[in-house]
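Engineer: Produce the entire structure from the sequences given, and follow the hints as far as they go.
Each chain, written out:
There are 2 protein chains.
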Amino acid sequence: MIQFKNIPALLILDVQQGFDDPYWGERNNPEAEHNISRLLDVWRRLGWQVIYSQHLSLQPQSPLYYKHAAGIEFKKRIAPLAGESVFTKNVNSAFIGTSLEVYLNEKNIQTLVITGLATQHCVSTTTRMSKNLGFNNYLVWDASAAFEITDHRKVRFSPEAVHEAEMAALHNEFATITYTEDILQAALSDGQA
Amino acid sequence: MIQFKNIPALLILDVQQGFDDPYWGERNNPEAEHNISRLLDVWRRLGWQVIYSQHLSLQPQSPLYYKHAAGIEFKKRIAPLAGESVFTKNVNSAFIGTSLEVYLNEKNIQTLVITGLATQHCVSTTTRMSKNLGFNNYLVWDASAAFEITDHRKVRFSPEAVHEAEMAALHNEFATITYTEDILQAALSDGQA
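Those protein sequence lines, which keep their order, are chains A and B.
In terms of my numbering, the first sequence opens at residue 27 and continues consecutively.
In terms of my numbering, the second sequence opens at residue 27 and continues consecutively.
Hints listed in this document are in silico derivations from the structure and should not be mistaken for laboratory results.
These figures come from a predicted structure and were not determined experimentally.
A virtual CB, placed ideally from N, CA and C, is assigned to each residue, including glycine.
All the given hints hold, so there is nothing to weed out.
A few chain B positions that, by computed beta-carbon distances, are all more than 12 Å from chain A: (1) A35; (2) D46; (3) E99; (4) L107; (5) E110; (6) V128; (7) Q211; (8) S215.
Derived coverage of chain A by chain B (criterion: at least 3 residues anywhere in the stretch with Cβ under 8 Å from a Cβ of chain B; other residues may be distant): (9) 109-122; (10) 147-159.
Structural biologist: Structure below.
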């Protein structure tokens, strides 16, 4: 049973419409967006901090290219409300080229519940930097998702294999790997206390 | 055939004696240190920049704990010479808590050849940040190595599987994945030009 030492912010990384494009290939965890929306509902109800990143790619071939008005939009069920914090970025890490670190320190946020897309790129990179900058991370297995990869040798890795291997690399060293149900239970138990 | 656009620095991450401790479990690429020393010889001969990171862990159980005089020493064949740059660090990324980024910019170094230990932790995290900070990375498959991992579900990943999956995650997005022979050939061809 998870017990938060202090109130965690919910970090929602790059849950944007451009990720529905076939460009990215096969994906795992189709339920990730539903789980993020369940976490989001509880965070809003408790009045806890919700923080979004929005990727504005500088690569014209990317469905998240900054000029693709439709691609860069948030998915509908997970769109920010007025007053929620959005950090736009051009690279994988939500900490590079943004004021996210300053913001977390100003708000005295020490713990993050991390969700979003895609496990092996923006989620992993942001989680690694977050830990190395001194924050305490819960990374939610079923509220994030990976895409298939073909490596430099033309070997294909399924999205499930990518997700599992990256979570294994992050486990303990950078984050506590958790599940939506466990985070919901901890948040609701904290929120009622 | 690789052609460097500008003179690359050789980055050697955490090649320290503490990594020979059984604490880390099974490892792949036993030839990595030999390959790094071959790259190092050529870089020194050409008078190109060599940059080391040295991990000083804050975890008392780690063989790289900062008070373990033997564990934190560099492996003998890859020890820095006087005048070569060493950045000590306490976290995975060689860019956090160090002046590495400032140093690279001051020396006008835009391209890095990245080697060292371990693929899934310090090598991956440093490579990711390097790319996101604007540097151009060549990551050397057979001059780096991974250790086995047991994930949060108690599923074991062999060191080969860890290495392959992490290299796949880094490929294209964060680095060009290369081999020692290709880098040596490119360096020697550049150095003679």
